[in-house]
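Undergrad: Chain by chain, the residues run as shown.
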Amino acid sequence: MTTNAPAPLLEVDRLKVSVSRTVPIVEDLSFAIAAGETVGLVGESGCGKSLTALAIMRLLAGNLSVTSGSIQLDGEELTKLPEERIRSLRGDKMAMIYQEPLTALNPVMTVGAQLVEVLRTHRKMSKREAAARAVELLALVRIPDPAARFNEYPHRMSGGMRQRVVIAMALACDPKLLIADEPTTALDVTVQAQVLRLIKQLQREANLGLLLITHDLGVVRQVADRIVVMYAGSVVETGTVAEVLGSPRHPYTVGLIAARPSGSFAVDAQKLVEISGSVPSPEARPKGCVFAPRCPNAQDDCRASRPHLLPTTGSHELRCLHPMPASTPLSAPVGMPS
Amino acid sequence: MSTSGHSVFRRLLRHPSGLVGLLIIALVVLMSASAGFIFPEGPWVLGGRPRTWPGVDPAFPLGTDALGRDMVAALFYGARVSLAVGAAAALVSLVIGTLVGAIAGYYGGWLDDVLMRLTDAMQTIPSFLAAIAIVGVVGASLSTIIIAIAVVSWPMIARLVRADFLRLRTYDFVQSCKIIGMSDLRIIFGQILPNCLAPIIVSSSVLVATAIITEASLAFLGLGDPNVMSWGTILSTGRPELRSGWYMTAFPAVALVLTVLALNLIGDALNDVLNPRLKERKS
Amino acid sequence: MTQVLRTEDLRLYHNTARGQLRAVDGVSLSIARGETLGLVGESGCGKSSLAKCVVGLDAPTSGTLEVAGVTPGKSRAMRIARAQAVQMVFQDPSGALNPRLSVARIIEEPLRVHGTGTAAERRAQVAELAQKVGLSDYHLPRFPHELSGGQRQRVSIARALALNPALLVCDEAVSALDVSVQAQVLNLFISLQKELDLTYLFISHDLSVVRYVSHRIAVMYLGRIVEIGPAEEVFHRHLHPYTRALVAAIPGDEALGEEAALLEGDVPSPVNPPSGCAFRTRCPHTRERCAADVPHLRDLGNGLQVACHFAEEFIRPEDMPQAAG
Numbered sequence: 001m002t003t004n005a006p007a008p009l010l011e012v013d014r015l016k017v018s019v020s021r022t023v024p025i026v027e028d029l030s031f032a033i034a035a036g037e038t039v040g041l042v043g044e045s046g047c048g049k050s051l052t053a054l055a056i057m058r059l060l061a062g063n064l065s066v067t068s069g070s071i072q073l074d075g076e077e078l079t080k081l082p083e084e085r086i087r088s089l090r091g092d093k094m095a096m097i098y099q100e101p102l103t104a105l106n107p108v109m110t111v112g113a114q115l116v117e118v119l120r121t122h123r124k125m126s127k128r129e130a131a132a133r134a135v136e137l138l139a140l141v142r143i144p145d146p147a148a149r150f151n152e153y154p155h156r157m158s159g160g161m162r163q164r165v166v167i168a169m170a171l172a173c174d175p176k177l178l179i180a181d182e183p184t185t186a187l188d189v190t191v192q193a194q195v196l197r198l199i200k201q202l203q204r205e206a207n208l209g210l211l212l213i214t215h216d217l218g219v220v221r222q223v224a225d226r227i228v229v230m231y232a233g234s235v236v237e238t239g240t241v242a243e244v245l246g247s248p249r250h251p252y253t254v255g256l257i258a259a260r261p262s263g264s265f266a267v268d269a270q271k272l273v274e275i276s277g278s279v280p281s282p283e284a285r286p287k288g289c290v291f292a293p294r295c296p297n298a299q300d301d302c303r304a305s306r307p308h309l310l311p312t313t314g315s316h317e318l319r320c321l322h323p324m325p326a327s328t329p330l331s332a333p334v335g336m337p338s
Numbered sequence: 001m002s003t004s005g006h007s008v009f010r011r012l013l014r015h016p017s018g019l020v021g022l023l024i025i026a027l028v029v030l031m032s033a034s035a036g037f038i039f040p041e042g043p044w045v046l047g048g049r050p051r052t053w054p055g056v057d058p059a060f061p062l063g064t065d066a067l068g069r070d071m072v073a074a075l076f077y078g079a080r081v082s083l084a085v086g087a088a089a090a091l092v093s094l095v096i097g098t099l100v101g102a103i104a105g106y107y108g109g110w111l112d113d114v115l116m117r118l119t120d121a122m123q124t125i126p127s128f129l130a131a132i133a134i135v136g137v138v139g140a141s142l143s144t145i146i147i148a149i150a151v152v153s154w155p156m157i158a159r160l161v162r163a164d165f166l167r168l169r170t171y172d173f174v175q176s177c178k179i180i181g182m183s184d185l186r187i188i189f190g191q192i193l194p195n196c197l198a199p200i201i202v203s204s205s206v207l208v209a210t211a212i213i214t215e216a217s218l219a220f221l222g223l224g225d226p227n228v229m230s231w232g233t234i235l236s237t238g239r240p241e242l243r244s245g246w247y248m249t250a251f252p253a254v255a256l257v258l259t260v261l262a263l264n265l266i267g268d269a270l271n272d273v274l275n276p277r278l279k280e281r282k283s
Numbered sequence: 001m002t003q004v005l006r007t008e009d010l011r012l013y014h015n016t017a018r019g020q021l022r023a024v025d026g027v028s029l030s031i032a033r034g035e036t037l038g039l040v041g042e043s044g045c046g047k048s049s050l051a052k053c054v055v056g057l058d059a060p061t062s063g064t065l066e067v068a069g070v071t072p073g074k075s076r077a078m079r080i081a082r083a084q085a086v087q088m089v090f091q092d093p094s095g096a097l098n099p100r101l102s103v104a105r106i107i108e109e110p111l112r113v114h115g116t117g118t119a120a121e122r123r124a125q126v127a128e129l130a131q132k133v134g135l136s137d138y139h140l141p142r143f144p145h146e147l148s149g150g151q152r153q154r155v156s157i158a159r160a161l162a163l164n165p166a167l168l169v170c171d172e173a174v175s176a177l178d179v180s181v182q183a184q185v186l187n188l189f190i191s192l193q194k195e196l197d198l199t200y201l202f203i204s205h206d207l208s209v210v211r212y213v214s215h216r217i218a219v220m221y222l223g224r225i226v227e228i229g230p231a232e233e234v235f236h237r238h239l240h241p242y243t244r245a246l247v248a249a250i251p252g253d254e255a256l257g258e259e260a261a262l263l264e265g266d267v268p269s270p271v272n273p274p275s276g277c278a279f280r281t282r283c284p285h286t287r288e289r290c291a292a293d294v295p296h297l298r299d300l301g302n303g304l305q306v307a308c309h310f311a312e313e314f315i316r317p318e319d320m321p322q323a324a325g
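Residue numbers (the working numbering), protein chains in the order written: chain V, 1 to 338; chain C, 1 to 283; chain U, 1 to 325.
Check before you lean on any hint, since a few could be wrong.
To be verified - Only pairs whose alpha carbons sit at most 30 Å apart, straight line, appear in this in silico DSSO-like list of lysine-lysine: (1) K176(V) x K80(V); (2) K124(V) x K93(V); (3) K176(V) x K124(V); (4) K176(V) x K200(V); (5) K178(C) x K132(U); (6) K80(V) x K93(V); (7) K178(C) x K74(U); (8) K271(V) x K194(U); (9) K127(V) x K93(V); (10) K178(C) x K194(U); (11) K176(V) x K16(V); (12) K93(V) x K176(V); (13) K16(V) x K93(V); (14) K127(V) x K80(V); (15) K271(V) x K74(U).
What the hints assert, rightly or not - The calculated label-pair distances, taken between Cβ atoms and stated as ranges, are: (16) P325(V) x S269(U): 48 to 58 Å; (17) Q123(C) x G19(U): 27 to 37 Å; (18) T281(U) x R87(V): 41 to 51 Å; (19) N63(V) x H145(U): 38 to 48 Å; (20) D197(U) x P325(V): 32 to 42 Å; (21) G136(C) x A61(V): 23 to 33 Å.
What the hints assert, rightly or not - Every beta carbon over 10 Å from chain V, so not counted as near; a handful from chain U, in silico: (22) D92; (23) A119; (24) E128; (25) S148; (26) Q182; (27) A249; (28) P251; (29) D293; (30) G303.
Hints listed in this document are in silico derivations from the structure and should not be mistaken for laboratory results.
Heads up, the beta-carbon is just placed ideally off N, CA and C, and yes, glycines get one too.
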């Protein structure tokens with residue numbers, strides 16, 4: 001993808017998000033998304049990926065705040081904008097899809113009324129125009145019989161249909177940036193496949209910048225152009241999907257890939273590669289490399305100070321003093337049936 | 001449980017309103033405990049000149065009532081009765097409410113329907129009128145008053161406990177207890193109940209306060225136990241003198257207000273201390 | 001081979017306001033000692049209902065069910081006998097442990113209920129169980145909220161093993177865990193199986209996980225088994241269109257995302273399941289016969305059984321039984 005394009009759509013630079021302004025949860029996070037590009041933000045629970053999304057949307061809860069760094073959307077510095085301006089950007093220029101489609105919709109309003117409300121908040125539209133556009137949007141997200149579904153309440157729909165409605169609401173005002181936080185995690189696998197395909201198609205059609213947050217490397221491989229791997233609040237490895245998943249260098253990325261079952265124990269008696277221990281809490285992060293306590297390659301210098309995120313080859317960047325050799329052969333591609 | 005109870009008490013002491021509440025209640029407890037030592041001849045002795053104003057006679061710092069009885073002695077003995085009635089009534093309604101709520105919530109189905117309709121029926125009766133009716137029919141004695149208060153206040157506890165049981169019985173840890181072959185009784189009392197103690201404890205402090213007020217109101221209306229001196233009794237005897245000696249009603253009224261306020265403060269503090277979500281945010 | 005679990009035409013119906021819900025609708029299967037049967041399917045397919053019947057949380061409406069020679073019953077003796085035959089590990093590691101009890105007490109609870117040994121003996125047994133699942137003495141006095149998700153799941157497993165059951169039902173036991181921790185727990189399940197000759201009914205929506213741990217896989221759809229057989233046979237031959245859709249839906253393969261025929265729509269309600277083949281409303285190969293006749297499991301070679309009228313048509317030449325065998 002065109003990572004060296006003039007100005008990216010979204011640029012996050014050395015972002016730091018802290019609890020009570022003292023304990024950092026997200027540290028030194030930098031990445032950019034160009035228009036029409038999909039970036040997959042991957043990590044396990046507690047690594048700060050959802051907080052990053054909330055920081056971009058300026059929806060951080062009370063005791064959380066951006067303590068340093070910048071977030072620029074289309075050249076506009078989001079961290080310093082007045083609340084009013086942010087509100088008009090939210091749902092208009094940038095939109096978000098959440099994991100749980102049931103709680104993202106108002107249970108006492110029809111699907112159509114909610115779409116109309118979003119449209120009329122951001123666009124000067126008559127009720128009639130907004131209603132017509134809402135039906136169009138429902139058709140856009142491939143909801144069968146959209147005119148009839150317009151008057152349906154969320155609880156009468158299945159999880160997959162609800163997530164489509166949430167996507168329709170997010171796309172209502174033709175945003176430039178779409179943030180999808182675990183958009184398919186709550187869905188069944190066959191429905192997940194449908195929704196992923198839909199998101200991908202819509203993203204291409206509208207030339208959206210898409211930030212896809214997920215814990216599933218398979219989802220990233222299928223949908224994203226570039227990938228940002230986070231661990232305990234910082235980026236440990238980033239690059240194109242081919243670079244990072246094709247030849248992962250950071251021991252954490254390698255571990256994540258190898259930990260995912262891709263064969264059968266009964267056939268080849270191959271134990272899964274474990275990453276020992278668990279993610280440290282933000283208060284208990286080590287002084288040196290955050291991954292050092294769980295890392296098979298860790299040495300004394302890893303524990304001494306935090307390594308920096310440094311470029312290797314191409315757009316591949318790495319935060320590791322003792323990475324895996326460049327051509328780590330992988331037993332099987334991520335999540336692919338072998 | 002004892003260690004966690006201990007730490008709850010400590011955190012309660014560190015809570016500003018909890019500390020104030022506890023201090024006031026400690027004072028009231030002290031009053032009722034020392035009443036027998038300080039005033040061995042009891043609250044009924046007609047010791048002084050009737051209607052002595054406070055501060056006039058050093059022997060009666062808070063004055064005497066219309067019959068010449070010492071106000072201080074009356075307040076001390078009244079504390080004893082009010083606390084005892086409050087605690088006993090709260091205890092009885094806790095036991096009834098917890099049993100009803102636990103069984104209804106755990107088993108569900110028709111048992112739940114029957115018990116909850118009963119609870120609804122109890123809640124539709126105006127509680128103070130019901131208490132008056134019970135005391136009026138059975139006759140005024142301390143135990144009748146306690147029972148009357150308990151009977152009208154258990155439904156609140158029952159609803160609370162039932163709601164928690166409905167939620168907790170679907171938890172996997174309850175399912176796993178069933179799978180390991182645990183009996184229902186043991187699941188109800190050993191596993192689920194300890195998990196809904198917090199709201200029960202919080203509401204029991206309010207329960208005690210309500211019981212104290214109900215007892216005082218009954219006594220004020222002349223439906224109190226004639227053989228004991230409660231704050232309600234003092235209020236009741238002071239009422240005809242309201243214009244000439246308002247202090248006779250003011251002292252017991254202040255005592256009641258402070259005690260009830262203290263219990264509510266403790267309830268608030270307990271709510272803060274026991275609320276797990278707030279606790280997590282702090283740690 | 002001894003059968004640890006055997007069900008025959010097992011049914012579990014619930015009466016709901018909208019009609020009879022057929023959660024489990026005629027399931028016959030068996031698991032041999034030391035074997036893992038993986039059970040896959042989407043939400044609402046009846047896999048958790050089947051698990052509830054097996055562990056005794058729900059009483060089947062009809063059919064037979066036998067766990068390690070024990071048939072279900074209401075009496076206390078029956079309850080105790082079943083508890084010693086089958087235990088369960090749950091999905092949510094935090095909801096599965098009583099927040100008010102220490103780890104040691106949670107693991108000890110089954111031993112207390114069954115009156116095993118003296119207090120000292122039980123304490124020794126708890127320490128041994130904890131060690132078996134990879135917990136140390138350090139964890140024993142802790143409370144569940146002080147542990148990580150993976151450690152909590154280990155406590156759950158230790159509790160389930162306390163009574164030495166023949167069968168362990170794992171209902172989405174690794175689904176709530178992070179990938180790195182998931183691998184730890186899956187490895188633990190496998191090593192415990194070897195050490196204790198355990199039998200697993202391993203339930204998950206995640207086909208990759210099920211394929212990894214299972215010897216055999218059963219695929220469920222709307223209360224029925226639509227395909228069952230050796231794990232690799234099911235995974236590679238997937239002769240039922242539903243199994244094929246599940247395999248295609250595993251995220252990660254770019255090509256599948258672009259071209260493969262994904263399933264349309266959602267699982268129909270089990271209250272009013274479609275006539276004939278329940279899958280026909282979403283199946284790309286539906287024909288007239290599918291609405292009329294209920295397909296039954298048929299043998300298609302190499303131990304693979306498929307409930308589809310037209311399964312033979314989906315056999316690819318390279319997967320012919322003789323070639324695979």
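Undergrad: Does each hint fit the structure? Answer for all of them.
TA: Checked hints:
1. A hinted pair counts as satisfied when its Cα atoms are at most 30 Å apart, and K176(V) with K80(V) qualifies at roughly 20 Å.
2. Proposed proximity of K124(V) and K93(V) is supported: the alpha carbons are some 15 Å apart, at most 30 Å.
3. Restraint check: the Cα-Cα separation between K176(V) and K124(V) comes to about 19 Å, which is no more than 30 Å; the hinted pair holds.
4. A hinted pair counts as satisfied when its Cα atoms are at most 30 Å apart, and K176(V) with K200(V) qualifies at roughly 14 Å.
5. The suggested pairing of K178(C) with K132(U) holds, with an alpha-carbon distance near 24 Å, which does not exceed 30 Å.
6. Only pairs whose Cα atoms come within 30 Å are accepted, and K80(V) paired with K93(V) is accepted, the gap being roughly 17 Å.
7. A hinted pair counts as satisfied when its Cα atoms are at most 30 Å apart, and K178(C) with K74(U) qualifies at roughly 12 Å.
8. Between K271(V) and K194(U), the direct Cα distance comes to roughly 13 Å. Compliance with the 30 Å bound is thereby established for this hinted pair.
9. Of the supplied pair hints, the one linking K127(V) and K93(V) holds, its CA atoms being roughly 22 Å apart against a limit of 30 Å.
10. For the proposed pair K178(C) and K194(U), the alpha carbon gap of about 27 Å is at most 30 Å, so the pair holds.
11. Proposed proximity of K176(V) and K16(V) is supported: the alpha carbons are some 24 Å apart, at most 30 Å.
12. Pair hint K93(V) plus K176(V) holds up; C-alpha atoms about 5 Å apart against a cutoff of 30 Å.
13. Restraint check for K16(V) and K93(V): satisfied, since their Cα atoms lie roughly 23 Å apart, inside the 30 Å limit.
14. Of the pairs offered as hints, the one joining K127(V) and K80(V) is violated, with about 34 Å between alpha carbons and a cut-off of 30 Å exceeded.
15. A hinted pair counts as satisfied when its Cα atoms are at most 30 Å apart, and K271(V) with K74(U) does not qualify at roughly 41 Å.
16. Distance hint check: the CB atoms of P325(V) and S269(U) are about 53 Å apart, consistent with the given range 48 to 58 Å.
17. At about 35 Å, the beta-carbon gap between Q123(C) and G19(U) stays in the expected band of 27 to 37 Å.
18. Between T281(U) and R87(V) the Cβ separation comes to about 44 Å, which falls inside the hinted range of 41 to 51 Å.
19. Take N63(V) and H145(U): their Cβ atoms lie about 20 Å apart, and the range 38 to 48 Å is violated.
20. For D197(U) paired with P325(V), a C-beta distance near 41 Å keeps the hint of 32 to 42 Å intact.
21. The hinted range of 23 to 33 Å is not satisfied by G136(C) and A61(V), whose Cβ atoms lie roughly 56 Å apart.
22. Remark: the non-interface label on D92(U) is consistent with the geometry, its nearest Cβ contact in chain V lying 13 Å away (cut-off 10 Å).
23. Every CB of chain V lies more than 10 Å from the CB of A119(U), the least distance being 32 Å, so the non-interface label holds.
24. Look at E128(U): its CB is around 22 Å from the nearest CB on chain V, clear of 10 Å, so calling it non-interface holds up.
25. At the 10 Å boundary, the C-beta of S148(U) falls inside the reach of chain V, the nearest C-beta of that chain being 4 Å off.
26. The beta carbon of Q182(U) sits about 7 Å from the closest Cβ of chain V, which is not more than 10 Å, so the claim that it is off the interface is violated.
27. For A249(U), the condition that its CB be more than 10 Å from all CB atoms of chain V is violated, with the nearest at approximately 4 Å.
28. For P251(U), the non-interface assignment is contradicted: its Cβ lies about 4 Å from the closest Cβ of chain V, within the 10 Å cut-off.
29. With a least beta-carbon separation of about 24 Å from chain V, D293(U) lies farther than 10 Å from that chain, consistent with its non-interface assignment.
30. For G303(U), the shortest C-beta to C-beta distance to chain V comes to about 13 Å, beyond the 10 Å cut-off, and the non-interface label holds.
The structure shown violates the earlier hints numbered 14, 15, 19, 21, 25, 26, 27, 28.
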